[in-house]
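The listed protein sequences derive, respectively, from chains A and B.
Residues 1 to 505 (the working numbering) make up the first sequence, in order.
Residues 506 to 756 (the working numbering) make up the second sequence, in order.
FYI, nobody ran anything at the bench for these hints, they're computed from the structure.
There are no misleading hints in this set.
Using C-beta positions, here's what the derived DEER-type ranges look like:
(1) A:147 with B:602: 57 to 67 Å
(2) B:665 with A:151: 15 to 25 Å
(3) A:123 with B:520: 48 to 58 Å
(4) B:595 with A:121: 46 to 56 Å
(5) A:64 with B:526: 51 to 61 Å
(6) B:551 with A:460: 23 to 33 Å
(7) B:506 with A:172: 25 to 35 Å
(8) A:158 with B:524: 25 to 35 Å
(9) B:666 with A:304: 40 to 50 Å
(10) B:520 with A:304: 29 to 39 Å
A few chain B residues that don't get close to chain A, going by computed Cβ distances all over 12 Å:
(11) 524
(12) 542
(13) 570
(14) 622
(15) 627
(16) 696
(17) 701
(18) 727
(19) 728
(20) 731
(21) 756
Covered stretches of chain A (chain B as the covering partner; in silico rule of three or more C-beta atoms under 8 Å from a C-beta of chain B):
(22) 155 to 168
(23) 174 to 185
(24) 204 to 215
(25) 266 to 279
(26) 289 to 298
(27) 315 to 329
Where a beta carbon is used, it is the ideal one built from N, C-alpha and C, also for glycine.
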Amino acid sequence: MKTLLSPLHNGGSIPLATLPHADNDSFYQGVLDAVSGGWRVASYFGVPQGSGAELYCVLASKADGTIGVARTRVENSFPSLAEACPQLHLFEREIAEQCSLTPLGHPWLKPVRFQRPFGNGASYWHETDGKGLLPGVMPYYQVEGEEIHEVAVGPVHAGIIEPGHFRFQCHGEEVFSLEISLGFQHRGIEKALMGGPYPQTIYQVEAIAGDTSIGHAQAYCMAIEALAGGRVPPHAEVVRGIALELERLANHAGDLGAIAGDVGYLPTASFCGRIRGDFLNMSAVICGSRFGRGVVRPGGVGFICGKSQTDDLLRRLEAARADLENAVELLWSTPSVMARLEDTGTVSGDTAREIGLVGPAARASGLNRDVRRDHPYGIFRMGQIPVVTAQAGDVYARTLLRWLEAERSMNFIEEQLRQLPAGGILTTPGNLGASSIAVSLTEGWRGEVCHTAITDDVGRFSRYKIVDPSFHNWLGLSLALRGQQISDFPLCNKSFNLSYCGFDL
Amino acid sequence: MLRAILARMKQGHRTMPYPKEPVPLPEYFRGFPELSPRQCPADCRDCAASCPFGAISCTGGLSLDMGKCLFCADCGAVANGLVRFTQDHRLATSSRAELVIRPDSTRALARPLEQKRLSLFSRSLKLREVSAGGCNACEADTNVLATIGWDLGRFGIQFVASPRHADGIWVTGPVTENMREALLMTYEAIPSPKIVIACGACAINAGPFQGQTEAGCGVEGLLPVDLYIPGCPPHPVTILDGILRTLDKIS
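Between the sequences and the hints, there should be enough to build the whole structure, so can you do that?
And the structure:
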C-alpha cells in the first residue's frame with residue numbers, strides 16, 4: 001500500500017513524474033487494502049486520455065495526516081469496487097458519466113448529474129428518443145404491491161430552495177426507500193476550469209456552493225499556493241480562519257432555526273432566522289459581502305481586517321452569542337421538540353463509516369473526523385478547535401452537534417480576533433508548477449471539501465476535480481429515511497442540509 | 506411555555522424600521538457604482554479588458570452593465586479610480602437597458618407596475634421561487650426576507666408553495682439546461698396576469714457562468730422580466746428596495 005500511494009500533506013503538491021502509473025490490479029487491490037487499513041476516499045476520478053482515461057484515487061489517513069494519491073490507466077471499462085467499498089459507489093458512477101467508461105459489476109449504475117461527458121461525445125446514458133438526457137428520468141428502485149405508493153418530490157420544491165428529485169416508496173406513512181436524483185443545478189464548473197486558471201475561475205469557485213464560498217475558495221487558493229509556492233501572510237491566514245468559522249456559524253444558526261421550524265417550534269425558528277443574519281453581517285464587516293465573496297484570494301485575503309473591524313466584530317459576536325444561546329436553549333427544554341428530534345432519521349456509526357460520511361452528519365453518528373484537526377491547514381495548524389461528536393446519529397444528534405460546534409467556533413473567533421497579527425494581506429503567487437498534482441482539503445461547514453488540481457506541461461489545469469461534502473453525504477439522507485415517516489422527511493432533510501449545487505457543480 | 510415567553514422578551518422586537526429608516530451597511534459594502542471617467546486615451550481598453558464578465562465597456566465612453574457585474578470591485582476600473590462602488594443599495598431596475606450605467610445617464614430606479622397589475626398585486630403579492638441553477642446565495646438572501654428582521658409579510662408579500670397560488674415567478678440562477686423545462690412549466694402553471702422577477706447576476710446574464718452551455722444565459726429572453734435585481738448575491742435590502750418600488754410602496 002505504501003508503495004502504491006504517493007504521499008503529500010494537505011495543501012501540498014508533487015510532480016506527476018513521481019506518481020507511478022500503477023498496473024490495474026495493484027491499483028484496485030491497493031485502494032481496497034488502504035480503505036480496510038483505515039484510509040478514507042477523499043476523491044476518485046478520471047482524466048480522459050485518448051480512448052480511455054487515467055484513474056486517480058486520493059486517499060486520506062487520519063493517523064498521520066497524510067494524503068495518498070494513486071493512479072492507473074484504463075480503456076473503456078474498469079472493475080467496480082463499490083460492493084467491497086461503498087465509499088466509491090458514486091465516484092464510479094461519476095467516472096462513467098464524465099469519461100464514458102463502464103464500471104463493470106457496479107450494483108447501482110445510474111446517472112449522477114445527467115451531464116455530457118468531457119470528451120463531448122454522446123452521453124454515457126441512453127438518451128430518450130434522441131431528445132437528450134432528461135434529468136430525473138431514470139429507472140428508480142421500486143417496491144411492488146397493492147398497498148405501496150410512490151411519492152415524487154421536485155425538482156421544484158415548496159420553499160425557496162435548490163432543486164432536486166426525491167422518489168419515495170411508501171407503505172402508508174412509512175418510507176421503505178428513498179432515492180435521490182440530482183443534476184438540475186449542473187453548470188459545468190469542472191469543464192470550465194480545464195485549461196485554467198482563467199480570470200473567471202475564482203468567481204466560479206466562490207459560486208460552486210454559494211453558502212460555502214469560503215470553504216471552496218480556501219481549497220482552491222491552497223491548491224494554487226501549493227502549485228505556485230510562496231507563503232500566505234499570517235494576517236491573511238487568521239482572517240481566512242475567522243471567515244471560515246463565520247460561514248460555519250451562519251449556516252449552523254440558520255439550520256438550528258430551520259430544524260425548529262420543521263417541527264413547528266416557532267420561537268427558536270424566528271430567533272435563529274434573524275441571528276443567522278447577524279453572522280452573515282459579520283462576514284460583511286470583513287469584506288462587504290454577506291457570503292464572504294472576495295475574502296479568500298490566491299496568496300492571501302482581499303481585505304484588511306483593521307482595528308475598527310475587529311472591535312466591531314467582537315461587539316457583534318458577543319451579542320450574537322447571547323442571542324443564539326438563548327434561542328437554542330428552548331429546544332432542549334421543550335419536550336414536544338425533543339420528541340420529534342430524538343430517534344428520528346438515525347444513521348448508525350457503522351453505516352456512516354461504510355458510506356464515507358463527512359462533516360457534522362458523520363460526527364453526529366460518532367465518527368471522529370474533522371479536516372481542521374486531521375489535516376490541519378492555515379490557521380488551524382496553530383489554533384485548534386475541539387472536535388465534537390455525538391453517538392445517536394439521529395436528528396437530535398445532528399442538531400445538538402451544530403450548537404456545540406457553533407459554541408466552539410465562536411470561542412475560536414474571539415480568540416483569533418484578540419490576537420490578530422498585523423502585516424500584509426496577500427503575497428501574489430507566481431506561475432503554477434507544470435506537470436504537477438496538488439490536493440487541498442478544508443472543513444467546510446457541511447464537511448470535507450477536496451480539490452485536486454493537475455497541471456499540464458505549461459502549468460495550466462488539465463483537470464480540476466472538486467468534491468463537495470454533499471457528494472459523500474446525500475446517500476446518508478437516503479438511508480436515514482428508511483423506516484421513517486414520510487412526514488419527517490423535511491426534518492431529516494434539514495438535519496443534513498446538503499448542497500444541491502455543490503453536488504451538481 | 507414560560508421559558509419561551511421570557512426568551513421572546515429577551516430577544517425583543519427586532520423587525521427593522523426599513524423603509525422608514527435606512528438599513529446600516531458595512532464599510533466595505535459595494536452598492537451602486539459611481540462612474541468618474543477621465544480623459545482616457547482614445548484607444549485604451551484597459552478597464553474593459555480587466556472585467557472577465559464584460560461588464561465594463563470603453564466603447565463610446567465608459568459604461569458599466571450592472572446586469573453582468575458581480576460587484577467584486579477587482580477590476581482595473583476601480584483600481585484606476587474610474588469606478589467607485591458606493592453605499593447606495595438601490596440597484597434594481599424595471600428594464601434590462603437601465604442596468605447599464607453611463608456617467609451622464611439619469612439614475613433609473615425600479616418603477617411601479619402598470620395600473621392593472623398594480624391594482625391587483627400592490628396589497629397582496631404571492632410569489633413562487635424557482636432556483637434554476639442558483640448557487641444558493643440568492644436563494645438564501647431571498648429566504649431571509651421572510652425572517653423577522655426583514656418581515657416581508659408586513660408588505661403583503663409572501664412566497665408560496667405552489668405556482669397555482671402565485672401571482673408571479675421569482676427566478677434565481679442562470680437557468681441551467683437541466684432546469685429549463687421545470688422553470689418553463691412552473692411559469693406556465695402560474696395563472697395570468699403574472700409578474701417575473703430576475704434576482705441576481707445569474708438570473709440576469711448567467712453571472713460567473715457566462716459562456717458555459719450547461720449553465721444557460723439567464724432568464725432574459727426566455728420570460729418577460731418585470732424587475733431586475735443585480736448583485737452576486739444582491740443584499741436583502743437591494744432585493745426589498747426593488748420589489749417595494751415595483752409595488753409602489755416606496756418612492
